[in-house]
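Visitor: Residue-level listing of the chains:
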Amino acid sequence: ETGVTQSPTHLIKTRGQQVTLRCSSQSGHNTVSWYQQALGQGPQFIFQYYREEENGRGNFPPRFSGLQFPNYSSELNVNALELDDSALYLCASSLEGGLPYNEQFFGPGTRLTVL
Amino acid sequence: RKEVEQDPGPFNVPEGATVAFNCTYSNSASQSFFWYRQDCRKEPKLLMSVYSSGNEDGRFTAQLNRASQYISLLIRDSKLSDSATYLCVVTLNTGFQKLVFGTGTRLLVSP
Chain A
4 ETGVTQSPTH LIKTRGQQVT LRCSSQSGHN TVSWYQQALG QGPQFIFQYY
54 REEENGRGNF PPRFSGLQFP NYSSELNVNA LELDDSALYL CASSLEGGLP
104 YNEQFFGPGT RLTVL
Chain F
206 RKEVEQDPGP FNVPEGATVA FNCTYSNSAS QSFFWYRQDC RKEPKLLMSV
256 YSSGNEDGRF TAQLNRASQY ISLLIRDSKL SDSATYLCVV TLNTGFQKLV
306 FGTGTRLLVS P
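Chains A and F supply the protein sequences, listed in that same order. The working numbering applies: residue 4 is where the first sequence begins, and numbers increase by one. The working numbering applies: residue 206 is where the second sequence begins, and numbers increase by one.
It is worth saying that the hints were derived from the structure and are not from the lab. No experiment lies behind these values; they were computed from the predicted model shown. Fair warning: there could be bad hints in the mix.
Some chain F residues judged to face chain A by a derived CB distance under 10 Å, without partners named [as the list claims (entries may be wrong)]: (1) Phe216; (2) Gln243; (3) Glu248; (4) Ser257; (5) Gly259; (6) Tyr275; (7) Leu304.
A virtual CB, placed ideally from N, CA and C, is assigned to each residue, including glycine.
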C-alpha cells in the first residue's frame with residue numbers, strides 16, 4: 004500500500020450541493036495533487052498543493068478549490084455540484100512537487116455520484 | 206487533439222501471448238514518461254518509467270521515441286494477473302509535476 008488515504012470512500016450528493024473530500028499524504032511527502040477520473044477516461048489533473056500553497060492548476064472552474072494543511076494533508080472542495088462532477092477523485096502525494104521525476108503515489112480514491 | 210492518445214482496446218489475448226501497446230503524445234516539451242497500471246475501480250499504480258534508451262523490468266519492456274513522440278509497452282508471456290488498464294502518462298516542464306494521462310488501454314488475458 005502507498006500510505007496515502009482518502010475519505011470518504013463513496014459519496015452521493017445532489018446537484019447544487021457542496022462536497023469536501025480529504026486526503027492524507029504519505030509520511031514525509033509535502034506535495035498533494037488531485038485528479039478527476041470520469042468513467043472510461045484517464046485521470047485529469049485538477050490542482051497541486053506544495054507546502055500549503057497552490058502550485059499549479061488544471062482546466063477546472065473556480066468552484067473546484069482546495070487546501071493543504073501544515074501536516075500536508077489536503078482537502079478538495081467542490082461547490083454547486085453538477086451531474087458531470089460524478090467521477091473517481093484521486094489524490095496523489097509526492098516529494099517536492101516541482102521536480103519532474105518524483106513518483107506520485109495515489110490514494111484509493113473517493114467515488115462521487117451526483118444525482 | 207488529446208495530449209496523450211492511446212487505443213482504448215480491449216486487447217483480448219491468451220495466456221502466454223506477447224502484447225504491445227502504443228501511445229503518442231502531442232507536446233514535444235514533454236519531460237518524463239511513464240506507464241501506470243490501473244485495476245478495475247482501483248487507483249493507478251506506477252508500472253515503470255520510460256527512457257529513450259529503453260528499459261526492461263522482467264516481462265515488461267518500455268520504449269520512448271522522442272522524435273516520433275511515441276511510447277510503447279511490450280508485455281511478454283502474458284499472465285491472467287496482467288489483466289488491467291494500462292495508462293500512458295507524460296509530464297510537462299511547467300514548474301511543477303503535472304501528470305497527463307491517456308485514456309488507457311484495457312488488456313484482458315484469458316486462460
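Visitor: Give a verdict on every hint.
Guide: We went through each hint and held it up to the structure:
1. Because the smallest distance between the Cβ of F:Phe216 and any Cβ of chain A comes to about 16 Å, over 10 Å, the interface hint for this residue is violated.
2. Taking 10 Å as the C-beta cut-off, the interface hint given for F:Gln243 holds, the closest approach to chain A being about 9 Å.
3. For F:Glu248, the interface hint holds, since its Cβ comes within 10 Å of a Cβ in chain A; the closest pair sits about 4 Å apart.
4. Checking F:Ser257 against chain A: minimum C-beta separation of about 14 Å lies over 10 Å; hint violated.
5. The beta carbon of F:Gly259 comes no nearer than 17 Å to any beta carbon in chain A, farther than 10 Å, and the hint placing it at the interface is violated.
6. A least Cβ separation of about 18 Å between F:Tyr275 and chain A goes past the 10 Å threshold, and the interface hint is therefore violated.
7. Here the hint on F:Leu304 is kept, as its CB sits about 6 Å from the closest CB of chain A, short of 10 Å.
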